[in-house]
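This is what each chain is made of:
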Amino acid sequence: MTFLMITGRTVNQGVTVEHKTSAAYAEETSTCFMHEFDMLELGLADRDTVRVTGPSGEVVMRASASVEVEMGTVFVPYGPYANHIVAADTHSTGMPDFKSHEVEIEPTDEEPKRVHELMEDLGGLAYDR
Amino acid sequence: MIVKDAVCPFCGCLCDDIEVEVEEGRVIAVTNACELGTKKFMGEERLKGPILRDGNEWKDITCEEAIRYAADMLLSAERPLLYGWSGTHGEAQCVGVHMAELVRGVIDNTSSVCHGPSILAIQEVGHPGCTLGVVKNRADLVIYWGSNPIDAHPRHLSRYTRYAEGFFLENAFRDRKVIVIDVRKTETANIADEFVQIKPGGDYAVLSALRAIVQGKTETIPRTVAGVTREQLVRVANLCKGAKFGAVYFGLGLTMTRGKYKNIRNAIELVSELSRHTKFTISAMRGHYNVYGSNEVNTWMTGYPFGIDFSRGIAFYNPGETTAVDILARKECDAALIVGSDPAAHFPRRCLEHLAEIPVVQLDPYPNATTAFCNVQIPVAVTGIDAEGTAYRMDGVPIRTRRVLSTDYPSDREVLSRMYALMQEAKGQ
Chain A
1 MTFLMITGRT VNQGVTVEHK TSAAYAEETS TCFMHEFDML ELGLADRDTV RVTGPSGEVV
61 MRASASVEVE MGTVFVPYGP YANHIVAADT HSTGMPDFKS HEVEIEPTDE EPKRVHELME
121 DLGGLAYDR
Chain B
1001 MIVKDAVCPF CGCLCDDIEV EVEEGRVIAV TNACELGTKK FMGEERLKGP ILRDGNEWKD
1061 ITCEEAIRYA ADMLLSAERP LLYGWSGTHG EAQCVGVHMA ELVRGVIDNT SSVCHGPSIL
1121 AIQEVGHPGC TLGVVKNRAD LVIYWGSNPI DAHPRHLSRY TRYAEGFFLE NAFRDRKVIV
1181 IDVRKTETAN IADEFVQIKP GGDYAVLSAL RAIVQGKTET IPRTVAGVTR EQLVRVANLC
1241 KGAKFGAVYF GLGLTMTRGK YKNIRNAIEL VSELSRHTKF TISAMRGHYN VYGSNEVNTW
1301 MTGYPFGIDF SRGIAFYNPG ETTAVDILAR KECDAALIVG SDPAAHFPRR CLEHLAEIPV
1361 VQLDPYPNAT TAFCNVQIPV AVTGIDAEGT AYRMDGVPIR TRRVLSTDYP SDREVLSRMY
1421 ALMQEAKGQ
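So the sequence lines, in the order shown, correspond to chains A and B. Throughout the first sequence, residue numbering follows my numbering, covering 1 to 129 in sequence. Throughout the second sequence, residue numbering follows my numbering, covering 1001 to 1429 in sequence.
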């Protein structure tokens, strides 16, 4: 199913932001907040994993029901998971479309990668595994 | 030891009433700060010393070696990028601008991926803003547009708006109305007197509709605009016109969606329109600590707030060309110095693919996502905790921040000054 992906700040993202190697940061930034009905339609229970495909790739996240998002929209806290699939085009403003990406979401059996693994996939070398 | 009136180093609110209890060189308790600030003050697990990537291993190196590495990297690069700067003080930002000019590099700060578009709009139509104190004491109407302070600026509501006392308001909680306009029904929407829910991408249309109503052209408005009924739009416009003093605070809901700076321009023009009827102001909810200061320092030193390219030997500014995301995505820079930010967590993947291919030096107290792309990382004192200096609050008020801890870590300014001295020496200056 196609969704509009919005990224943004959450308190949990903010309190873990100085500890990007922590499990808490990975858990928060890999959460895909969805409308309950959309989850029902995709056959998802809370914390089930989903493959989210955007303009520059795909990433595995966990779905979580939220009353804050409308049907057809998903919300993902700022971080390396959302940015793994966000395009770098800025339309001559310097600012990518962090809050207006169309993504495809489907259930999957895969587990979300750790932040380290995402960085290493792109050519980095994790320091504090 | 208890340090009173410490300044919080997390967001642009720069709350200056924090009490920090320190024992044996560690922060053990924090009073008055929000959850974000408390966690930042209590932060541990810092990197112990500078590290160097050696193939597929990390090696410990001395601070001297790390600084020399960074200076050599910047001197030998053809188009170095110096990025970040929001998490550090004005004193360090000044050194950064000098370094960028010396090596004819590009210096950009995190505003290019937060309120950069707001600055573009301000450059077009101006900024009818005011300080937070004016809003606290005078505003009887506050609008949060595309902004969710409960999560991003938790004390903005208690210090300046919803839950704050106001000198010119008899009963601020009763007399001050709060309107939240957003695509999501956020926690902040739940404490608003009026919540306006817009369909994603509809902000520009709603701003235009409000402008038309304020101009007395209500009959031109269709039954709904981006999911908002005409009745609600008229109600909101009347609340605005009826206010004695209104303040709009907007967030990244306007800058990160399609339309970008045009959204902000329309919002500023709505405020100008409202100011024909009453007093109205508008300001950005600046997020990252001293990001405002970074714009200030850049502007007074180069004439431009972010995305400054010195490759021509003079300051050149063209957002979309000279901004960090674009430079990395085009694989244009051949070295990067990162200070006070974590682009690997916040930039699109294509930018990281290029970071992996070029030498990168980062100044940061903690191992973060960008560490994985570093050749060298130098741990520095945490700005606002064990390093003191000047930071700008979101409303442009400079505040001298105090140190609450003493550690052996050098500050950003010290490390950058040593780097700059080596570079000047090499250039024969």
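Misleading hints may appear alongside valid ones.
[What the hints assert, rightly or not] So the derived label-pair ranges between C-beta atoms look like this:
id, chain 1, residue 1, chain 2, residue 2, range
1, B, Arg1330, A, Arg51, 46 to 52 Å
2, A, Asp121, B, Glu1170, 58 to 64 Å
3, B, Arg1230, A, Glu102, 26 to 32 Å
4, A, Ala24, B, Glu1187, 39 to 45 Å
5, A, Ala87, B, Arg1312, 39 to 45 Å
[To be verified] Only pairs whose alpha carbons sit at most 27 Å apart, straight line, appear in this in silico DSSO-like list of lysine-lysine:
id, chain 1, residue 1, chain 2, residue 2
6, B, Lys1217, B, Lys1199
7, B, Lys1059, B, Lys1048
8, B, Lys1059, A, Lys113
9, A, Lys113, B, Lys1039
10, B, Lys1185, B, Lys1262
11, B, Lys1039, B, Lys1004
None of these hints come from the bench; they were simulated from the model. Please read all numbers here as calculations on a predicted model, not as lab measurements. Glycine is no exception: its CB is placed at the ideal position from the N, C-alpha and C atoms.
Let me make sure I understand: some of the numbered hints might not hold for this structure. Which ones are they, in numerical order? Hints 1, 4, 5 are the ones this structure does not satisfy, whereas the remaining hints hold.
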